[in-house]
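Using the hints, position chain B against chain A.
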Amino acid sequence: MLFQPAVIALLLASAVSVAMLLAASPFALEVIRHWDIKSGSERQLTLERRTYLFSTLLGFVFATQLVSLLLFVFNADKMAVMFVGAMCAVGTLNVNPFGFPALIAQIVVFFLAAAWLVVNQTDNRAEDYPLVRMKYVLLLAMLPFLLGSFALQLEYFLHLKANVITSCCGSLFSEGKQSLAGDAAALPPKLAMVLFYGALAVAVGAAAGHALTRRGGYWVAAFSAIAFIAALAGILSFVSLYIYEHPHHHCPFCILKPEYGYQGYWMYIPLFAATAAGLGVGAVQPFARVPSLEKIVPETSRRLAWAAAGGFALFALAASFMVWRSNLILLEV
Amino acid sequence: MNTWIEKQKALIDFTLASLARRKIRNLGLLLVYALIVFLLASVMLFTHALRKEAGQVLANSPEIILQRLVAGRHDLIPPGYLEKIGRIRGVQKKQGRLWGYYYDAVLKANYTFMVPQPGALLVPDPGKIAIGAALARMRGLVPGNTISFRSYSGKLFTFEVASVLPHQSELVSADLVLLGEEDFRAFFELPPGHYTDIALSVANPQEVRNIATKLAAQLPDSRPILREEVLRTYESIFNWREGIVLVLLSGAILAFAIFAWEKASGLSAEEKREIGILKAIGWETGDVIKMKFWEGALVSLAAFLLGYIAAYLHVFRFSSLLFEPVLKGWAVLYPRFELTPEVDGFQVATLFLFTVFPYAVATVVPIWRAAITDPDAVMRV
Chain A
1 MLFQPAVIAL
11 LLASAVSVAM
21 LLAASPFALE
31 VIRHWDIKSG
41 SERQLTLERR
51 TYLFSTLLGF
61 VFATQLVSLL
71 LFVFNADKMA
81 VMFVGAMCAV
91 GTLNVNPFGF
101 PALIAQIVVF
111 FLAAAWLVVN
121 QTDNRAEDYP
131 LVRMKYVLLL
141 AMLPFLLGSF
151 ALQLEYFLHL
161 KANVITSCCG
171 SLFSEGKQSL
181 AGDAAALPPK
191 LAMVLFYGAL
201 AVAVGAAAGH
211 ALTRRGGYWV
221 AAFSAIAFIA
231 ALAGILSFVS
241 LYIYEHPHHH
251 CPFCILKPEY
261 GYQGYWMYIP
271 LFAATAAGLG
281 VGAVQPFARV
291 PSLEKIVPET
301 SRRLAWAAAG
311 GFALFALAAS
321 FMVWRSNLIL
331 LEV
Chain B
1001 MNTWIEKQKA
1011 LIDFTLASLA
1021 RRKIRNLGLL
1031 LVYALIVFLL
1041 ASVMLFTHAL
1051 RKEAGQVLAN
1061 SPEIILQRLV
1071 AGRHDLIPPG
1081 YLEKIGRIRG
1091 VQKKQGRLWG
1101 YYYDAVLKAN
1111 YTFMVPQPGA
1121 LLVPDPGKIA
1131 IGAALARMRG
1141 LVPGNTISFR
1151 SYSGKLFTFE
1161 VASVLPHQSE
1171 LVSADLVLLG
1181 EEDFRAFFEL
1191 PPGHYTDIAL
1201 SVANPQEVRN
1211 IATKLAAQLP
1221 DSRPILREEV
1231 LRTYESIFNW
1241 REGIVLVLLS
1251 GAILAFAIFA
1261 WEKASGLSAE
1271 EKREIGILKA
1281 IGWETGDVIK
1291 MKFWEGALVS
1301 LAAFLLGYIA
1311 AYLHVFRFSS
1321 LLFEPVLKGW
1331 AVLYPRFELT
1341 PEVDGFQVAT
1351 LFLFTVFPYA
1361 VATVVPIWRA
1371 AITDPDAVMR
1381 V
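Sequence lines, in order, name chains A and B. Terminal number for the first sequence in my numbering: 333, no gaps in between. Terminal number for the second sequence in my numbering: 1381, no gaps in between.
In short, the hints are calculated from the structure, not lab data. Be aware that a few hints might be false.
To be verified - In silico BS3-like cross-links for lysine-lysine, where the CA-CA straight-line distance does not exceed 30 Å:
id: 1; chain 1: B; residue 1: Lys-1214; chain 2: A; residue 2: Lys-161
id: 2; chain 1: B; residue 1: Lys-1290; chain 2: A; residue 2: Lys-38
id: 3; chain 1: B; residue 1: Lys-1052; chain 2: A; residue 2: Lys-161
id: 4; chain 1: B; residue 1: Lys-1052; chain 2: B; residue 2: Lys-1094
id: 5; chain 1: B; residue 1: Lys-1094; chain 2: B; residue 2: Lys-1128
id: 6; chain 1: A; residue 1: Lys-257; chain 2: B; residue 2: Lys-1052
id: 7; chain 1: B; residue 1: Lys-1290; chain 2: A; residue 2: Lys-295
id: 8; chain 1: A; residue 1: Lys-295; chain 2: B; residue 2: Lys-1007
id: 9; chain 1: A; residue 1: Lys-78; chain 2: B; residue 2: Lys-1052
Chain A with its partners taken away, still in its complex shape:
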């Protein structure tokens, strides 16, 4: 099912992103091989200029991923009408086994690009660009993820077949298929709540602690990743139920819709921003001992840690507010 405007747009966006990184990779190799900040040779000059192109390109890929992540989810939601039993985005993503992997791959690429940009930003602030080689190794390492994400998306869209009427047999055509679940598998709410608030509290604590004491940078990244997963699990298993005021509607995407006042953005924007910042803290830690970065890394990671702590806290507040405001009684107190 390729001839759908949004599908074409999504595939175009990820194909171009892949093509840009692929085209850039020979130059990246050259940078890795011949970079020498002390040299004044013409080659070094060319390489230095080229680095600007790469950071611009990657910034661009990052922005594209962000837009297409949103579009991917919206598109899934819009296409739900075309599949038997699919009520919203979850149903559409479940139509074939590539739906959710494609979504997850896109989220992963998004966070990787964010971490790369943090490293890039840090490096650019040092006088001698100490991380250039590292950056380009990382850039090449990201390429397979981007390729994988594109391949999954392509597989997913290629294997989508809308259940349309054929003139011969009306509804019999789509019969015999088991209907797709509109709600995703979810944890029991009590356990999910404990996990949700526990993981978020730990993540906020770790980030704030790092910002104050400058210790445990890697923990911030690890706890951010865990908090991200716990937060998604929490949204699935209880936050969404409170928002929909329906004990069986677990969809994490419908909360982005106008019917529910776009409430999802209040949660997802801080959550994604906080996770990206938290992962960024971890991404710069290995370079804390580089001489020219000794001052820059702690400062960067302190700022990112505050951002992560603030983001997670904001997310928890937004989610709690939505639960508090809801008329649903999920757990008897």
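Chain B only, in chain A's frame:
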């Protein structure tokens, strides 16, 4: 944070002034850009509005329509068939419907003759009919006029036009002729007890599929058609048509990308000198890229708004003169209808990826090329 915002503001200010210095050149780009946005946005707005309209029309149609097939062709429902269905749990109402097509040699068009369901607002008395607005327009009929139709058996029937259906319903009633049951049976020589098809209404949407399965098992010669399936088919068809048009327009997008690339890489000597001077007075490569980024963003935003507003007017004010033949389909008695204006965030995002994205891709490398220019190299020329 504040200094960052101040810096961006200064950059935007500078960029605007620099854009204004080369008005003609930038206006050309802006116009082409806006034209591309306009074309794509028109297609999207139009198909979206049509889809919406189809959904609204179908919202009030019965959940299941049961047709009988004979040798694979749609046939009349014989007497006793309705009773054979019996009681199926979940079905609120089941009713035989009477409708058919009539070819009018005068207009060379097909009309739909239909008997309103009992209890409908408008049930014409014997000898009277209610007609659709397009039909009334084409045949020049007003309430009180009489009109004759020669039936398929050769007999001439004369009806009095009791009313013309309201214009708001024209999308579905353009070619409609509503008449009483006796008139219908006499006109088409349909014996009592026969029906065209059966409409079933089901309250619980989740039960619809089960009921259709039961119907198909009970009456093997029947074909249940579900409303959700019709809806699904419309959705696919409109999306597919929209997709095809966009693919056809992709040549235009590509041409536009090449144009943008050319524009961005063919810097005039003056522009080069400008960048050279900026760098000589202390701008960094990154700053020049930022400036160029703002330039692209401002041009894109202006073109996007311009193109989108023009498309909006084109579709909803001037009923999409340019795309009607492709996207709407064709008929002799074509309904005149106004589409309900509707802007959808999802479509705007898709449109954005179709227009701003190619522009950005095409200009990244030229921008970088411009930004790395050495000050002395350009000033020496």
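(message) For a quick check of understanding: which of the numbered hints are violated here, in increasing order?
(response) Violated hints: none at all, because every hint is consistent with the structure.
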